[in-house]
Amino acid sequence: SQQGEEDPQALSIQEGENATMNCSYKTSINNLQWYRQNSGRGLVHLILIRSNEREKHSGRLRVTLDTSKKSSSLLITASRAADTASYFCATDASNTGNQFYFGTGTSLTVIP
Amino acid sequence: DAGVIQSPRHEVTEMGQEVTLRCKPISGHDYLFWYRQTMMRGLELLIYFNNNVPIDDSGMPEDRFSAKMPNASFSTLKIQPSEPRDSAVYFCASRPAGGPKTQYFGPGTRLLVL
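These protein sequences, in sequence, are chains A and B. The opening position of the first sequence corresponds to residue 1 in this note's numbering, with each subsequent residue numbered one higher. The opening position of the second sequence corresponds to residue 1 in this note's numbering, with each subsequent residue numbered one higher.
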């Protein structure tokens, strides 16, 4: 499977702490995106990092990409209860046309 | 824009019945995707369309599943006959041509087959 694998599967932290989740994938990619899914809702795009980038920031989000290890990490700083959600990475693989491959997701719980 | 619209939001049906899920993509988006999400299998791509034409349906689990896109603003996913193992949340997503391929998801249809 070309799916990404997120790690950990579940993460529980206190409000104000940082949350880090990781994604590993298998093939060469054009870019990698992170999505959030609140309970009972659809996925929402958070941030994109291209294959020639190593780090990207957006507000409290920081994404890193290591193409040599085929891995990415998403860091949420100063977490809030509203960050409670599942987080998915999605890879735009270089040789698969228009398809995305979503990972298995990390379920984040931020305790107020 | 209202975003991707899906209907119904919830569907409860009995095994053997026909189920039709509907999706209206964001206006101007050339690609439409149908996904299924379950706890066991995660998010699975079932089929996607480009300019109303099905491009890849390799994710459609069985012949009981079919999808159509008669025009740029409407798509259906049909299950006939439905089975309890089809119970899942079905998402529709769309995106414009070109660019980074960011997909915009609808709110999903939660299907329960009894």
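The hints are simulated quantities; they were obtained by calculation from the structure and are not laboratory data. Mixed in with the good hints there might be a few duds.
Cut-off 27 Å, straight-line C-alpha distance, at most; resulting in silico cross-link-like pairs (DSS-like, lysine-lysine) [to be verified]:
1. K69(A) / K78(B)
2. K56(A) / K26(A)
3. K70(A) / K26(A)
4. K56(A) / K101(B)
5. K101(B) / K70(A)
6. K68(B) / K26(A)
7. K68(B) / K78(B)
*Between K68(B) and K78(B), does the CA-CA distance stay at or below 27 Å?*
holds (8 Å)
_Against the 27 Å threshold, does the CA-CA distance of K56(A) and K26(A) hold or violate the hint?_
Since the Cα atoms of K56(A) and K26(A) sit roughly 21 Å apart, the hinted pair holds (cutoff 27 Å).
*asked:* Can you confirm whether the C-alpha distance between K101(B) and K70(A) stays at or below 27 Å?
replied: holds (20 Å)
*Taking only the CA atoms, is the gap from K69(A) to K78(B) under or equal to 27 Å?*
violated (41 Å)
*CA of K70(A) to CA of K26(A), is that 27 Å or under?*
Holds, at about 7 Å.
*Quickly compare the C-alpha distance for K68(B) and K26(A) to 27 Å and report which way the hint goes.*
Given that 27 Å is the threshold and the Cα spacing comes to 32 Å, the pair is violated.
*Compare the distance between the alpha carbons of K56(A) and K101(B) with 27 Å, and conclude whether the hinted pair is satisfied.*
With a Cα-Cα distance of about 18 Å, the restraint between K56(A) and K101(B) holds, given a limit of 27 Å.
The structure does not agree with the numbered hints 1, 6 stated previously, though it agrees with the rest.
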